[in-house]
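Novice: Going by my numbering, the residue at position 64 of the sequence shown is 61; the numbering climbs one at a time, nothing skipped.
Honestly, the hints are just simulated from the structure, not real lab data.
We treat Cβ as the ideally placed atom computed from N, Cα and C, and that holds for glycine.
It is possible that part of the hints are untrue.
Said to hold, decoys possible - Each computed BS3-like pair below joins lysine-lysine, with the alpha-carbon atoms no more than 30 Å apart: (1) K32 - K188; (2) K158 - K188; (3) K188 - K152.
Said to hold, decoys possible - The calculated label-pair distances, taken between Cβ atoms and stated as ranges, are: (4) T201 - D154: 16 to 24 Å; (5) R18 - T46: 18 to 26 Å; (6) Y119 - W37: 16 to 24 Å.
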Amino acid sequence: MRTLYLWKNDIIQIVRDPIMRLMCVAPLLLIVVFKSIVVWLVPLIVSETGLDLYQYTDYILVFVLLMVAGMSGIVTGFMMLDEKDGRIAELLSVTPLGQGYLMNRLLFSGCLTTVYSLMAYYVLSFSRLPFPALVFLTVALALYSAVIGLLLFNKADDKVKGLTLAKGLNLLNLFAFADLFGLSWLSAIAKLFPSYWLMALVRTPCSLVPYLMVLVSLALWLGWLIYRRRV
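All chains, please: the whole structure from these sequences, using the hints.
Specialist: See below:
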């Protein structure tokens, strides 16, 4: 019940804040735009140039999924920054309502990411993953959104700085495409980030390595960020 009460207030907060409202609508626009690109623009380019762009549809899918997770994480990060600015988080932490405050926040981000990720996956419909792989991918994206939200909360002092930082956090998504550049040093750096292994998971869903590495990288990032929040 406490979680539902907090989420009700979160929705009211999102509706009132233009930035967070935009971040919640943006994933829908992103899905529509990329669906239109693949339906209309890609066939035109293929017919005119002969380039086989369809081999890159997995990259388009992962880009959209990572952006969706990132936007959901940014919304959660902004909510926590609002509460930090008004010292609401400190007040909640000493009340029964505030027990599990961080978990409630990250669950909200995870649920938002799950809804948008499944929507993006089925609307774009570029490829079909095995159902267990899709479930794992959805959970991993929900955790990735928590990483983005905590990064924003830990590194920004207020929403103004948070807005600037949010633009930079989206650059983490680019590590998913490191292998396209053919630079071994870049791929080595990219392997430190969950986005790289999420791409590997979609590209090779029958291999066990991406699953293990996604879990390890997300656990390390979340563990470090939660520790940094407490010290």
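Novice: For the pair we were handed, K188 and K152, check the Cα-Cα distance against 30 Å.
Specialist: holds (22 Å)
Novice: Taking 16 to 24 Å as the stated bounds, is the beta-carbon spacing between T201 and D154 within them?
Specialist: violated (41 Å)
Novice: Holds or violated: K32 and K188, Cα atoms, limit 30 Å.
Specialist: With Cα atoms ~29 Å apart, K32 and K188 stay inside 30 Å; holds.
Novice: For the hint 16 to 24 Å, verify it against the beta carbon of Y119 and that of W37.
Specialist: holds (19 Å)
Novice: Quick check: does the Cβ-Cβ distance between R18 and T46 fall within 18 to 26 Å?
Specialist: violated (40 Å)
Novice: Need the status of pair K158, K188: alpha-carbon distance at most 30 Å?
Specialist: Given pair K158, K188 holds - Cα atoms ~28 Å apart, limit 30 Å.
Checked against the numbered hints given earlier, the structure breaks hints 4 and 5 and satisfies all the rest.
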